[in-house]
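Here's the letter readout for the chains.
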Amino acid sequence: AQSVTQLDSQVPVFEEAPVELRCNYSSSVSVYLFWYVQYPNQGLQLLLKYLSGSTLVKGINGFEAEFNKSQTSFHLRKPSVHISDTAEYFCAVSDGPGGSYIPTFGRGTSLIVHP
Amino acid sequence: DAGVIQSPRHEVTEMGQEVTLRCKPISGHNSLFWYRQTMMRGLELLIYFNNNVPIDDSGMPEDRFSAKMPNASFSTLKIQPSEPRDSAVYFCASSGRGRYEKLFFGSGTQLSVL
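So the protein lines, in turn, are chains B and L.
The first sequence maps to residues 3 to 117 in my numbering.
The second sequence maps to residues -7 to 106 in my numbering.
In case anyone wonders, no lab produced these hints; they're calculated from the structure.
Any given hint could be a false lead.
[Said to hold, decoys possible] Taking lysine-lysine and the BS3-like style, the derived pairs with C-alpha atoms no more than 25 angstroms apart in a straight line are:
1. K94/L / K60/L
2. K94/L / K16/L
3. K71/B / K60/B
4. K51/B / K71/B
5. K70/L / K16/L
6. K71/B / K94/L
7. K60/B / K94/L
8. K60/L / K70/L
9. K51/B / K94/L
Here the structure is a predicted model, which is why all the values come from computation and not from measurement.
Chain B extracted, bound-state conformation (with noise of 0.2 angstroms):
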């Protein structure tokens, strides 16, 4: 079975400036890795995924993420943050081929970007 760990619950950091959230998994079998967004009062939109290829992965507005094998990380960065992007962001994992593919989810990180 895989488990995903956000090292962080809360990070704040000022408008403009760079941005990391750590994500570790296990898991014993090939997988799939996925970043979701929840702003206040919504449910969960995708970020970005990596199923196979690059290991550097872009999403939606100025995301991206590294896949690292070797370290088992999938960290979310953003070069620089507005204050739009304060919100819960979660990592989830699921098994690939062969697996059951249903996601599990990480406890959350929320982001909080000051002015």
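Let chain B serve as the given structure and place chain L on it in line with the hints.
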């Protein structure tokens, strides 16, 4: 497309009452998920349907919880009787036929059991 539609948005009830949460998935999607979100436990998968058939209900907390999907366009999650510890945000999500498809989430139902 209207997206995944959940109702009600908010539900306040008293302990012991029956609660029914409703979900309409995106048309054409064949997988439907019910998740529960709490501060203590994060986002937990309760049950998963594929082609209207429950595939994995191992996340359902106890017999007080039940879920149905009578057709491809409607699902319910019922709690009977409800307890204060059931207070949470309940999300419904659906996905398409590709196994790696992203999940589309509804806006959730905020349940408060007094």
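Against the structure, the hints come out as follows:
About 22 angstroms separates the Cα atoms of K94/L and K60/L, which keeps this hinted pair within 25 angstroms; it holds. For the hint linking K94/L to K16/L, the alpha-carbon distance of about 17 angstroms falls within 25 angstroms, and the restraint holds. At most 25 angstroms may separate the alpha-carbon atoms for a hinted pair to count; K71/B and K60/B meet this at roughly 17 angstroms. Between K51/B and K71/B the CA atoms are separated by roughly 15 angstroms; this keeps the pair inside 25 angstroms, and the hint holds.
Our distance criterion of 25 angstroms between C-alpha atoms is met by K70/L and K16/L, whose separation comes to about 15 angstroms. About 21 angstroms separates the Cα atoms of K71/B and K94/L, which keeps this hinted pair within 25 angstroms; it holds. With a C-alpha separation of about 15 angstroms, the suggested pairing of K60/B with K94/L holds against the 25 angstroms cut-off. At roughly 9 angstroms between alpha-carbon atoms, K60/L and K70/L fall within 25 angstroms of each other, so this suggested pair holds.
Restraint check: the Cα-Cα separation between K51/B and K94/L comes to about 8 angstroms, which is no more than 25 angstroms; the hinted pair holds.
Consistency note: the structure conflicts with none of the earlier hints.
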